[in-house]
Each structure stands twice: as C-alpha cells, then as structure tokens.
Amino acid sequence: MPARDYIRERFFPHMWCPGCGHGIVLNALLRAVEALGLDKKNIVMVSGIGCSARISGYVDFHSMHTLHGRALAFATGIKISKPSLNVIVPMGDGDAMAIGGNHFIHAARRNIEMTAIVMNNRIYGMTGGQSSPLSGYGTMGTTAPYGNIDHGFNTVDLASSAGATFVARTTTYHARELADFIQQAISHQGFSVLEVLSQCPTQFGRRNKAGDAPEMLESYRTGTARIDSKKKRENPDLIERGIFVQKELPEYCREYERIISKARGE
Amino acid sequence: MEKCRFLFSGSGGQGVITSAILLAEAAARYEGLNAVQSQSYGAAARGGAARSDVIIWDQPIYFPKVLQPNILICLTQEAFDTYQTTIRPGGYLVTDADLVKKPAFVDAQRVELPFHQSVMEQIGKPVVLNICLLGTLVELTGLVRIESVKELIRERFDPSFHDINLQALDLGAQLLKAHKK
Amino acid sequence: MSDAVKFIQGNVVCAEAAVYAGVRMFAGYPITPSTEIAEHMSVRLPRVGGKFLQMEDEISSLCAVIGASLTGHKTMTATSGPGFSLMQEALGYAVMTEIPCVIVNVMRGGPSTGLPTHVGQGDVMQARYGAHGDHAIIAVTASNHADIFRMTVEAFNFAETYRTPVILLLDEVIGHLREKIRIPEPGEIPLVGRLRTAVAHGVDYHPYLPREDGRLPMSDFGDVHRYNVTGLYHDMWGFPTEKPEVVYGLIRHLVDKIDHNSEKMTRFRKYHTKDAETLFISYGAAARSALHLVENRRKRGERIGLLELNTLWPFPADIVRETSRNVNFVLVVEMNMGQITREVKLAVENPRKVYLANRVDGELITPTDIQNIVRLIQGRGV
Numbered sequence: 001m002p003a004r005d006y007i008r009e010r011f012f013p014h015m016w017c018p019g020c021g022h023g024i025v026l027n028a029l030l031r032a033v034e035a036l037g038l039d040k041k042n043i044v045m046v047s048g049i050g051c052s053a054r055i056s057g058y059v060d061f062h063s064m065h066t067l068h069g070r071a072l073a074f075a076t077g078i079k080i081s082k083p084s085l086n087v088i089v090p091m092g093d094g095d096a097m098a099i100g101g102n103h104f105i106h107a108a109r110r111n112i113e114m115t116a117i118v119m120n121n122r123i124y125g126m127t128g129g130q131s132s133p134l135s136g137y138g139t140m141g142t143t144a145p146y147g148n149i150d151h152g153f154n155t156v157d158l159a160s161s162a163g164a165t166f167v168a169r170t171t172t173y174h175a176r177e178l179a180d181f182i183q184q185a186i187s188h189q190g191f192s193v194l195e196v197l198s199q200c201p202t203q204f205g206r207r208n209k210a211g212d213a214p215e216m217l218e219s220y221r222t223g224t225a226r227i228d229s230k231k232k233r234e235n236p237d238l239i240e241r242g243i244f245v246q247k248e249l250p251e252y253c254r255e256y257e258r259i260i261s262k263a264r265g266e
Numbered sequence: 001m002e003k004c005r006f007l008f009s010g011s012g013g014q015g016v017i018t019s020a021i022l023l024a025e026a027a028a029r030y031e032g033l034n035a036v037q038s039q040s041y042g043a044a045a046r047g048g049a050a051r052s053d054v055i056i057w058d059q060p061i062y063f064p065k066v067l068q069p070n071i072l073i074c075l076t077q078e079a080f081d082t083y084q085t086t087i088r089p090g091g092y093l094v095t096d097a098d099l100v101k102k103p104a105f106v107d108a109q110r111v112e113l114p115f116h117q118s119v120m121e122q123i124g125k126p127v128v129l130n131i132c133l134l135g136t137l138v139e140l141t142g143l144v145r146i147e148s149v150k151e152l153i154r155e156r157f158d159p160s161f162h163d164i165n166l167q168a169l170d171l172g173a174q175l176l177k178a179h180k181k
Numbered sequence: 001m002s003d004a005v006k007f008i009q010g011n012v013v014c015a016e017a018a019v020y021a022g023v024r025m026f027a028g029y030p031i032t033p034s035t036e037i038a039e040h041m042s043v044r045l046p047r048v049g050g051k052f053l054q055m056e057d058e059i060s061s062l063c064a065v066i067g068a069s070l071t072g073h074k075t076m077t078a079t080s081g082p083g084f085s086l087m088q089e090a091l092g093y094a095v096m097t098e099i100p101c102v103i104v105n106v107m108r109g110g111p112s113t114g115l116p117t118h119v120g121q122g123d124v125m126q127a128r129y130g131a132h133g134d135h136a137i138i139a140v141t142a143s144n145h146a147d148i149f150r151m152t153v154e155a156f157n158f159a160e161t162y163r164t165p166v167i168l169l170l171d172e173v174i175g176h177l178r179e180k181i182r183i184p185e186p187g188e189i190p191l192v193g194r195l196r197t198a199v200a201h202g203v204d205y206h207p208y209l210p211r212e213d214g215r216l217p218m219s220d221f222g223d224v225h226r227y228n229v230t231g232l233y234h235d236m237w238g239f240p241t242e243k244p245e246v247v248y249g250l251i252r253h254l255v256d257k258i259d260h261n262s263e264k265m266t267r268f269r270k271y272h273t274k275d276a277e278t279l280f281i282s283y284g285a286a287a288r289s290a291l292h293l294v295e296n297r298r299k300r301g302e303r304i305g306l307l308e309l310n311t312l313w314p315f316p317a318d319i320v321r322e323t324s325r326n327v328n329f330v331l332v333v334e335m336n337m338g339q340i341t342r343e344v345k346l347a348v349e350n351p352r353k354v355y356l357a358n359r360v361d362g363e364l365i366t367p368t369d370i371q372n373i374v375r376l377i378q379g380r381g382v
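Residue numbers (the working numbering), protein chains in the order written: chain A, 1 to 266; chain B, 1 to 181; chain C, 1 to 382.
Worth flagging that the hints you see were computed from the coordinates, not collected in a lab.
Wrong hints could be hidden among the right ones.
Said to hold, decoys possible - In the DSSO-like style, the derived pairs of lysine-lysine whose C-alpha atoms are separated by at most 30 Å in a straight line are:
#1 C/299 / B/3
#2 B/177 / B/101
#3 A/232 / A/247
#4 B/101 / B/125
#5 C/257 / C/345
#6 C/299 / C/264
#7 A/231 / A/209
#8 A/231 / A/40
#9 B/65 / C/299
#10 C/243 / C/257
#11 B/3 / C/257
#12 C/353 / C/274
#13 C/345 / C/264
#14 C/353 / C/264
#15 C/243 / B/65
#16 C/264 / B/65
#17 B/3 / B/125
#18 C/274 / B/3
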C-alpha cells in the first residue's frame with residue numbers, strides 16, 4: 001500500500017509552520033508503517049495537545065486527539081482492552097515531560113506494548129513559544145525572557161530508568177534513521193520510546209538565534225553522533241543518537257492474560 | 001421481636017469488627033432476619049479505637065447507626081470509658097475481666113467474663129478472643145443459632161483455623177452458661 | 001440459604017452490579033472510602049475475562065476508562081472527592097466525545113481532603129457543574145443495597161443509551177455498610193448493550209451524526225470504520241471545526257439529548273406521600289434516616305411522607321413539584337449546605353415552604369436531628 005493511502009488527504013496541506021520538523025516525523029512514520037505492512041484498521045494513534053498532537057488528524061488510522069499530557073493514559077486503556085491493536089502515541093516535549101510526565105514514567109514502568117514518539121522541539125509552539133522541560137538551561141522563551149534557569153530532562157535517561165524496554169533517539173535531519181527507528185519501535189514487544197529532535201524555527205529558532213529550518217537541521221547533523229562512534233568519542237559534548245535500550249521483559253497485556261488464567265483457576 | 005442494637009468496641013487488631021460482621025451475617029443469611037453492620041474507620045490499620053455497630057431485627061432497618069445499644073461490648077478500658085454512658089437502661093454490658101477493670105456506674109446488666117484468660121488457658125492463641133466473645137453473644141441473645149455461626153466460620157476462614165475458632169466459639173457459649181449459674 | 005443472598009458492603013454491591021451490567025474494564029486509584037470497589041474489581045474482572053488496571057492517579061484512571069470504552073467495552077472507575085476533582089477534565093472530554101462510561105464517587109466529607117473516613121454529600125453540585133463549559137450530565141444515587149445494585153446497572157444503561165459518562169454518587173455510609181442483598185438473576189434487570197453502527201465496510205460512517213431518535217451508533221476502535229475522536233468542537237466525522245453553526249449544533253445536541261429525555265431517566269421512590277402534609281425529600285444515606293423517621297411517625301398517625309430521589313441529574317423537577325403540591329412544607333434532608341435544597345426551591349410552586357435539614361460534621365444525620373428541625377418549622381421548639 002503506497003504511503004499516501006495512510007493519510008487523510010483532504011486535510012492537507014497540514015497546519016504546521018513552514019520549516020517545522022513535525023512533517024518529517026509524519027513522513028517517516030508513514031514509511032515505517034508501510035514497510036511493516038500494517039493494516040490501517042489495526043492501528044490506533046492517540047495524541048495529546050499541542051503542535052505534535054495534530055499529527056493524529058492526518059493519518060487514516062483510528063485516531064484519538066485527547067487532553068494535554070494524557071495521551072498515554074487513554075492509550076493504555078485502549079491497548080489493555082484490545083491488545084491486538086498497534087498503539088502509537090506521538091507527543092510533544094511539554095505534553096510528554098511536563099503535564100504528562102507521570103503518565104510517561106508509569107507507562108514505561110508497566111512495559112505495556114505501545115510506541116511513544118516524543119517530538120522534541122524544546123518549546124511550547126502552539127501557545128506561542130513558552131519554555132518547556134526540554135528547553136534547556138540558558139534558552140530563551142516567552143516565559144523565560146531573561147534566560148531559562150530550569151534544567152532540562154534527558155528523555156532517554158528518564159525513559160530508561162523508568163523501565164522502557166526500547167529507548168532510542170534521533171533527529172529530523174536523519175530521516176532514514178528516523179523511519180528505521182519508528183519501525184523498530186512499533187515492532188518492539190514492550191513499551192518503546194523514541195525521542196525525535198524536531199526543529200521549531202518559528203518559536204524556538206527565532207528566539208534562540210538558532211537560525212531557520214536549514215540551519216537547525218544542519219545543527220542536528222553537526223551536533224549529534226551515533227552511540228559509540230568515533231565522532232562522539234572525539235566530541236563528548238555531542239548529543240547521542242541510536243538505540244540506547246532494547247531488551248525483553250514481560251509485556252503488560254501478556255502478563256494480564258496470565259492473571260486471567262490464574263483468576264479462572266486454569 | 002425487639003430491635004437489637006449492638007455496639008462493639010475495643011482496639012484495632014482485637015477482631016471486634018470481625019465478630020460484629022459474623023454475628024450480623026449469620027442473622028441475615030441463616031436466620032432470615034434483617035441486619036446491618038457498619039464500623040468507624042481511623043487512619044491507623046492497627047491499634048487505635050475500633051468500633052462497629054450492628055442492628056438485628058425482623059423488620060426493615062433504615063437508620064443504620066447505633067446511638068444507644070441494648071448490648072454494649074467493651075474490650076478495652078478506654079472503650080468502656082468512652083461508651084458506657086450510651087447504653088440503654090437495663091441493657092447488657094459485656095466486658096472482659098482482664099481488660100476492663102473499672103466498675104460501671106450505669107444501669108446495665110454487667111456480663112463480665114474472663115474471655116482473655118480462658119482463651120489463653122484453654123486454646124493458647126489470643127487471636128480467637130473475638131470468636132470466644134461471639135460465642136457468648138450467641139448464647140446471650142439467642143438471635144442466631146450457634147450452628148449458623150459455625151457454618152459461617154467454615155465458609156469464611158482458612159481450614160487450618162477452623163478448629164481453634166470453633167473451639168473458641170463453644171468456649172464463649174460455656175462461659176456465659178457458667179456465668180448465668 | 002441461597003448463594004444469591006449476600007451480606008456485603010455497598011461498595012462491593014456496586015462492583016458486583018457493574019459486573020452484572022457487563023463491565024469489562026475498570027481503572028482506578030486507591031482512595032477512601034471507595035477503595036473496596038477497586039479491590040473487588042481486581043478479583044472479579046479477570047474471572048470474567050475483563051481487565052483491571054491500577055493507574056498512577058485518578059486523572060489517568062478516567063482517561064484509560066474512556067480509551068477502553070472506545071474499543072467496545074463497558075468501563076468504569078470509582079473514586080472519592082479529591083479523585084473526583086482530578087477527573088473533571090477527562091469527564092468533560094467524555095461528555096464532548098460522547099463516550100459511555102460510569103464514574104462512581106463514594107462521597108466523603110469535603111472540601112479538600114476533608115474527612116476521608118466520614119460521610120458527606122457535598123459533591124452533588126460538582127457532579128453537575130464540575131467539568132468546565134456548558135454541558136448536561138446524568139448522576140444517580142441510592143440509599144440501600146438493592147438500589148445500589150439497580151442504580152449501578154441503570155448507570156450503565158443510561159451511559160450506553162445516551163452515549164455519555166454517568167456519575168454514580170454513593171456515600172461513605174452506604175459504601176461501607178453491610179446489609180443483606182439478593183443478587184438478581186441474569187436477565188432480571190434489562191441491560192442496554194453498545195449500539196453499534198450497521199453501516200457496512202466501505203460506506204461512509206458518521207460517528208457524530210445522530211439518528212432520528214438522537215442516538216449515535218458507535219464503531220469500535222479496531223473495527224473497519226476509522227474515524228477521529230477529539231475534545232475540540234467537531235463535525236459529524238469527528239474532525240475539529242470552528243464553524244459557528246456546527247459548534248452550535250453540537251452543544252445543543254449534547255445538552256438536549258439529556259434534557260429532552262430527563263423523564264426517561266427519572267428514578268425515585270415514594271413512601272407515604274399520597275396524603276402527606278409534611279414531605280421529606282432526600283437521597284443516599286440521609287434518606288435512610290428520613291425514612292426511619294417517616295415510618296416511626298406514621299405509626300403515630302402523623303401525615304408524613306418521603307420522596308427519595310435516585311436520579312439527581314437531570315433534576316427531576318416535575319416529580320418534586322407534583323409530590324410537594326399539597327404539602328404544608330418540604331424538608332430536604334441532605335448532608336451538605338443545601339445543594340439539592342436549591343434545586344427543590346426552583347422546582348416547587350412556593351419556594352418559601354422548602355426547608356433544609358442537614359448535617360455537615362461527618363456524622364450521619366439522625367432521625368432525631370430531622371425531628372428537631374420539623375418541630376422548629378412547626379413552631380413547637382426542640
């Protein structure tokens with residue numbers, strides 16, 4: 001099935017700003033789904049609130065646009081009730097790490113088979129450029145006019161410690177790697193987290209002298225390196241890309257089937 | 001029949017609430033009577049004051065709390081001090097001879113029995129004190145048959161605890177018979 | 001004695017009734033005095049192939065319940081005041097997206113953490129107006145185990161019929177009270193199942209286009225029809241819109257589907273109301289005290305009656321007005337500062353004959369408390 005069969009064409013062109021990285025994530029997601037040959041009726045996309053959340057409107061899956069930060073909680077209910085569904089949860093950095101932080105760590109702890117894609121643009125874009133938990137120390141935002149004194153989370157570390165059994169990071173510059181990681185994340189039997197650095201030239205780039213989209217994408221090329229690469233060893237400050245965690249642990253829905261057998265005395 | 005209002009009081013962990021439930025449940029399920037049981041909850045799971053209200057009647061019971069019991073059970077001195085004035089004149093005041101030392105100053109029929117001492121001497125397990133008390137209440141009120149309570153004990157408790165509980169139940173009934181003589 | 005006769009807590013009755021109604025998913029978070037519902041669900045649901053989830057908080061509990069409902073299952077959560085406050089956002093979402101589910105609030109003393117182990121009825125208005133934005137809501141209650149069973153099943157029936165979240169307001173006294181109940185046989189209480197669309201694969205399905213009768217057939221997530229669900233104002237396909245005519249149509253639909261059917265949701269019990277000169281109106285645990293007094297005073301020949309409300313929202317104004325038409329005065333018995341009293345005053349012909357008998361100290365109002373208020377109203381002194 002061609003990738004365009006997975007979208008709701010009538011809603012295009014999409015609403016994201018020119019240069020926004022989220023369209024690249026959508027593109028990579030469609031490629032991944034196509035490569036996996038998934039049936040549209042077996043995919044549910046659950047999103048929260050924000051620029052990232054609008055992705056669910058563009059895909060021709062079962063789609064649920066929920067409340068700010070709560071996407072994983074809604075998704076958990078869907079998955080446990082119908083484990084045969086592939087549940088994909090795109091989230092923004094504010095969505096996943098601030099208002100939804102608790103749901104994020106608990107979904108990871110349960111190891112319930114879902115794919116969380118954290119589209120990290122380091123800013124609250126839709127509401128106009130306020131600092132997020134991933135903005136980072138010293139950045140500028142409309143709520144950090146004198147420079148941000150909050151330190152950022154490391155999404156990969158947080159997800160790993162919380163118990164996610166697949167944790168990866170890449171960027172919108174590395175589009176093929178992105179599609180590959182999404183594919184691996186969806187195939188993973190357990191809770192998978194993929195952090196995607198996704199540029200927001202309009203709200204973050206402009207305020208932080210990061211340039212427009214091409215400059216921001218270029219910074220993803222120069223500012224990141226694969227795990228254990230020569231580039232990383234030579235430049236320890238670079239942000240690492242790659243798969244950080246990939247392990248097998250009992251998956252929640254399968255564990256619950258065991259509970260059902262036990263309760264029925266089987 | 002007369003509406004029968006029980007107030008069970010003691011401290012958390014003594015099992016007074018379990019005995020209240022068993023009495024009410026036996027009346028409701030085996031004797032065709034109406035019964036309600038409620039309890040007051042504190043924040044502590046162990047220790048602290050425990051209280052349970054039971055009403056047994058052959059007519060519908062609406063207001064479920066016991067303000068003035070016909071039968072007041074106190075298994076600690078503190079419970080006795082707190083509740084003795086609530087008893088209906090002429091009601092039964094059931095206390096443990098070891099655990100409640102003070103004399104009552106209310107118009108009540110005192111049933112002061114050595115539950116604790118007898119259980120320790122004859123069964124050796126203080127956990128069945130509440131079932132011993134229940135045996136006394138069954139004998140005292142005649143509301144439920146002792147066989148009904150035994151059936152309930154067999155249904156509700158792990159088989160390894162059946163014997164000592166049934167023994168404690170009979171012990172309680174005997175204590176009252178001896179007291180009446 | 002038959003196994004169908006049980007001596008159990010009201011909370012357990014509620015959980016049993018939910019299983020009877022066909023609940024197959026429960027998500028919740030421990031909170032006194034509702035926890036026994038979650039505990040019982042964790043035992044019962046896997047036995048019937050259902051799922052029990054202990055979530056990280058009450059917010060996620062209701063979110064998970066809403067998500068699970070979309071896969072075609074009947075779902076429920078249970079909580080108390082503080083948790084109910086946390087659920088308001090998701091409650092509004094369920095209203096807006098028209099996803100059936102049942103939310104039990106076993107009321108305790110409030111505000112805030114208040115009195116965790118003591119009774120209150122202070123969340124009646126929160127049930128009605130707690131979620132932001134205009135909306136209609138269904139909330140039901142009960143005062144005894146037979147009615148807890150019946151109203152729990154009704155709550156599921158209303159949720160499915162009107163595609164809406166339904167709130168079951170219990171309270172600490174009846175939630176923790178043990179009394180006798182005969183569990184109804186299967187089929188004894190009619191159940192309303194999920195109304196699913198008959199639209200075939202390949203034909204346009206409109207998840208948010210009401211039928212002639214106002215009902216909206218659903219399609220399960222995972223089934224052939226793929227559609228969008230959003231808390232934003234949306235069109236008949238479920239996609240966001242800001243078109244004023246569509247926005248207006250949706251808010252009218254959300255309110256009208258409940259308000260226009262309020263008679264079908266009205267559940268109540270009348271006790272000695274025919275010739276009553278004094279009428280009590282009450283609900284939940286407070287109604288037990290009111291009924292106790294009514295039965296006692298009737299024996300002495302006093303013309304006194306009780307209208308017990310099982311449906312609180314939509315407020316059964318017609319029944320209240322009719323029943324109170326010929327009485328000397330109406331005494332609303334409730335354990336709050338007069339939340340239903342205000343509604344009664346709006347419903348009756350002469351609001352000046354409506355009085356409140358309440359108790360808000362964490363203790364169940366007693367028949368004597370009520371009798372004292374009656375004497376004061378009658379000018380007889382306490």
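Now for the hints, and whether the structure bears them out:
1. C/299 / B/3: Distance ~16 Å between residue 299 of chain C and residue 3 of chain B Cα, so the pair holds.
2. B/177 / B/101: Given that 30 Å is the threshold and the Cα spacing comes to 22 Å, the pair holds.
3. A/232 / A/247: With Cα atoms ~24 Å apart, residue 232 of chain A and residue 247 of chain A stay inside 30 Å; holds.
4. B/101 / B/125: It holds: about 22 Å lies between the C-alpha atoms, which stays within 30 Å.
5. C/257 / C/345: Holds, because 25 Å separates the two Cα atoms, which is no more than 30 Å.
6. C/299 / C/264: 34 Å, violated
7. A/231 / A/209: 25 Å, holds
8. A/231 / A/40: 40 Å, violated
9. B/65 / C/299: Within the cut-off at roughly 21 Å; holds.
10. C/243 / C/257: 21 Å, holds
11. B/3 / C/257: 48 Å, violated
12. C/353 / C/274: Measuring from Cα to Cα gives roughly 18 Å; hence the hint holds.
13. C/345 / C/264: Holds, because 22 Å separates the two Cα atoms, which is no more than 30 Å.
14. C/353 / C/264: With a Cα-Cα distance of about 28 Å, the restraint between residue 353 of chain C and residue 264 of chain C holds, given a limit of 30 Å.
15. C/243 / B/65: 57 Å, violated
16. C/264 / B/65: Outside the cut-off at roughly 34 Å; violated.
17. B/3 / B/125: 34 Å, violated
18. C/274 / B/3: At roughly 28 Å apart (the allowed maximum being 30 Å), residue 3 of chain B and residue 274 of chain C satisfy the hint.
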